[in-house]
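Engineer: Sequence:
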Amino acid sequence: MKSSTLKYGSVALMFVALFFVPELIRQFTDQTDRSQASAEESLERYGFFMEEVSQELGVTFVHQRCDVDDPLKHIQPQIAAMGASVSVADVNNDGYQDFYVTNSAFGEPNHLYIQQSDGTFEEQASIYGVADLNQYPKGSSMGSIWADVNNDGWEDLFVYRYGKPVLFINQEGQRFETFEGPTQFPDWVNSNSAVWLDYNTDGYVDLFLTGYFKEDVDIWDLDDTRMMPDSYEFATNGGKNYLFRNDGGRGFTDVTQKMGLDNRKWTLAVTSVDINGSGFPDLILANDYGVDELFLNEKGKRFVDMGPASSMGDIPKSGMSITAADFYNQGDFALYVTNISEAGVLMQGNNLWAPTGSTTIDGIEVPTYANTATSAGVEQGEWAYSGAVTDLNNNGTLDLYIANGFYSATPNTDYWYDYTKVVGANSQVIINASNWPAMKERTFSGYQQNRLMLNDGSGRFREVSSAVGAALDKDSRAVAFLDIRNDGTMDMVVANQHAPVSVYKNQVNQDHAWIQISLEGAQANRSAIGASVTVEWTDAQGQAQRQKQSVSGGEAFSSQSSRVLHFGLGVMDSGAVDKVTIDWPGGNRDVYESVRHSQKHSLQESTSARFDN
95 MKSSTLKYGS VALMFVALFF VPELIRQFTD QTDRSQASAE ESLERYGFFM
145 EEVSQELGVT FVHQRCDVDD PLKHIQPQIA AMGASVSVAD VNNDGYQDFY
195 VTNSAFGEPN HLYIQQSDGT FEEQASIYGV ADLNQYPKGS SMGSIWADVN
245 NDGWEDLFVY RYGKPVLFIN QEGQRFETFE GPTQFPDWVN SNSAVWLDYN
295 TDGYVDLFLT GYFKEDVDIW DLDDTRMMPD SYEFATNGGK NYLFRNDGGR
345 GFTDVTQKMG LDNRKWTLAV TSVDINGSGF PDLILANDYG VDELFLNEKG
395 KRFVDMGPAS SMGDIPKSGM SITAADFYNQ GDFALYVTNI SEAGVLMQGN
445 NLWAPTGSTT IDGIEVPTYA NTATSAGVEQ GEWAYSGAVT DLNNNGTLDL
495 YIANGFYSAT PNTDYWYDYT KVVGANSQVI INASNWPAMK ERTFSGYQQN
545 RLMLNDGSGR FREVSSAVGA ALDKDSRAVA FLDIRNDGTM DMVVANQHAP
595 VSVYKNQVNQ DHAWIQISLE GAQANRSAIG ASVTVEWTDA QGQAQRQKQS
645 VSGGEAFSSQ SSRVLHFGLG VMDSGAVDKV TIDWPGGNRD VYESVRHSQK
695 HSLQESTSAR FDN
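With our numbering applied, the sequence shown covers 95 to 707.
No wet-lab data here; the hints were simulated from the structure.
Every value quoted in this text rests on a predicted model; they were computed, and no experiment measured them.
Built from N, CA and C at the ideal position, the CB exists for glycine as well.
Check before you lean on any hint, since a few could be wrong.
To be verified - List of simulated lysine to any residue pairs, SDA-like, C-alpha gap at most 20 Å:
| # | residue 1 | residue 2 |
| --- | --- | --- |
| 1 | K515 | E535 |
| 2 | K395 | D324 |
| 3 | K599 | E535 |
| 4 | K515 | Q172 |
| 5 | K395 | N331 |
Stated by the list, open to error - If you anchor each label on the Cβ, the simulated ranges turn out as follows:
| # | residue 1 | residue 2 | range |
| --- | --- | --- | --- |
| 6 | D581 | G267 | 15 to 25 Å |
| 7 | K258 | S668 | 32 to 42 Å |
| 8 | V523 | K395 | 37 to 47 Å |
| 9 | N682 | K258 | 47 to 57 Å |
| 10 | V665 | T450 | 23 to 33 Å |
| 11 | I221 | F200 | 52 to 62 Å |
| 12 | K395 | S700 | 20 to 30 Å |
| 13 | G267 | E150 | 39 to 49 Å |
| 14 | Q635 | S700 | 53 to 63 Å |
| 15 | S528 | G201 | 23 to 33 Å |
| 16 | V665 | S132 | 18 to 28 Å |
Put together the whole structure using the sequences plus the hints.
Structural biologist: Okay, structure coming up:
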């Protein structure tokens, strides 16, 4: 596939007051199908249909945003704009995926939904000891990620907060206990995302934790209102990011500075994947008020920022989410970054960085990219948060779901005009929260519908959310995919800010085959985080196909989907895929041929792996 590069002027973002940008809007309209359709019509046309089933499944969670100190109350919806998150894991090892959602208001509990054998869920956060985490001065929950930090076979839970982060150790699926080993976790960090990765491939997952506001900012007991970004495009006064080395499951050591990762760029999202095939996981950061960053891992010795060299880290925007995915079935990861767009005011557009090759700099292989978001039809997402990826119709290509909307308040009101006045001012104005105009219950990019972008296999996407039953406009933040009932279809949980969580059950065309791969490391970390799987198959037309996926320790924005890798295959004449190749962290490779599809295969690293053929 040939990639096309967007051409930008010297200034990356532009406030276009009272100017409509007709061409971008026309492109979006052309790629949208907002017509309502029945389940039968949707299955016939698109191969799937989604139905909101949270109440039927016993999911009743409602997110509550946190309060703020008096000097910030005039812009509370902006300061307390995040905190709705979702992460997926099999907590009790019963073979069914569970999920955890965070609350943010003090006194409001987080919820842990344990899946039952009939596909319903029971809320058991209090039973497991992970409910009451929103208390001052400990902090307010912003999100969570799962991994087996001590390689004992049970998934452990890390919760990041505006406050003190906390790690819970799974006690054989019965309850969680706070990790008692030595850590160098900060006493206070204003974090909106984190990711597990084994950066030194020693067999234990390490932790990367982001900072947004500086760590001396307490939004409930504010010392100084000079706590906002010092620039809308190149801010450098954000919170500190951290890398913690896992010391054999016994403790965590801060190696941030040693590994070259100490910066302050208002990071909102992070993911990790081996982007250049070096055998070591890299880090990709989406930064608000600035450029995004690509840190390549130099064999576990240090990280080097190669964002500008790769072409994906030199345009300042409002990075909200980052996802790595093989959208084009080429065996390489593209990068999807969401930003902010508002018709008539600000048109940043989302970025789809498609791989174009590589170059070598100081002995490091640096992947290069071109922004293909416009030609692919995924540029416009409004005020976008999570950009989450899976194959929703099992046709063999990865689809994209974009969470949209910032603050829905009084209808037919708008805060944008006042907002542009302050962010367009000099650094001494923008940095001081007291200079920001009061929001006064005005809507700020609210009532925006999420986007479900269906991949047509040719490098283009079509928006079909209304047509397939997935229309949603609840100021969504986080998105996670999991297979409820283990029936070979990817279902969806959407965490909405200051609103109920949404759970969608997916009904898929039964003519489409699929395969699921669940990994367990032996020499690699037991959660297999960082392992990549490439599935090769021959479709019904006799064409060779392949797709690569990686086991993630956190992705998009405040999200973590199921680590059971799901591959749609489309229509198949044979009963098996041609080949499954697993590249494990640390360098091991396992290859399996003629693997039966339309079932889940659980395998361990190296000779213990078995398929039920």
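Engineer: Take the hints in turn and mark each one as holding or not.
Structural biologist: Each hint, compared with the structure:
Pair hint K515 plus E535 holds up; C-alpha atoms about 18 Å apart against a cutoff of 20 Å. Distance check on the hinted pair: K395 and D324 sit about 32 Å apart at the alpha-carbon level, beyond 20 Å; violated. Straight-line distance between C-alpha atoms of K599 and E535 comes to about 34 Å, which puts the hinted pair past the 20 Å bound. Between K515 and Q172, the direct Cα distance comes to roughly 16 Å. Compliance with the 20 Å bound is thereby established for this hinted pair.
Proximity of K395 to N331 is assessed by CA-CA distance (about 27 Å); at most 20 Å being required, the pair is judged violated. Checking the proposed 15 to 25 Å range against D581 and G267 shows it holds: the Cβ atoms sit about 23 Å from each other. Range check, K258 to S668: about 54 Å between beta-carbon atoms, so the 32 to 42 Å window is missed. Distance hint check for V523 and K395: the Cβ-Cβ separation is about 42 Å, which falls inside the suggested range of 37 to 47 Å.
At about 37 Å, the CB distance of N682 to K258 disagrees with the hint of 47 to 57 Å. Distance hint check: the CB atoms of V665 and T450 are about 31 Å apart, consistent with the given range 23 to 33 Å. Here the CB-CB span from I221 to F200 is close to 22 Å, at odds with the stated 52 to 62 Å. Checked against the given bound of 20 to 30 Å, the beta carbons of K395 and S700, roughly 26 Å apart, stay inside it.
In this structure the supplied range 39 to 49 Å is violated for G267 paired with E150, their Cβ-Cβ distance being about 26 Å. Roughly 35 Å separates the CB atoms of Q635 and S700, a value that falls outside the hinted 53 to 63 Å. Checking the proposed 23 to 33 Å range against S528 and G201 shows it holds: the Cβ atoms sit about 28 Å from each other. Distance hint check for V665 and S132: the Cβ-Cβ separation is about 23 Å, which falls inside the suggested range of 18 to 28 Å.
Consistency with the previously given hints fails for numbers 2, 3, 5, 7, 9, 11, 13 and 14, ordered from lowest to highest.
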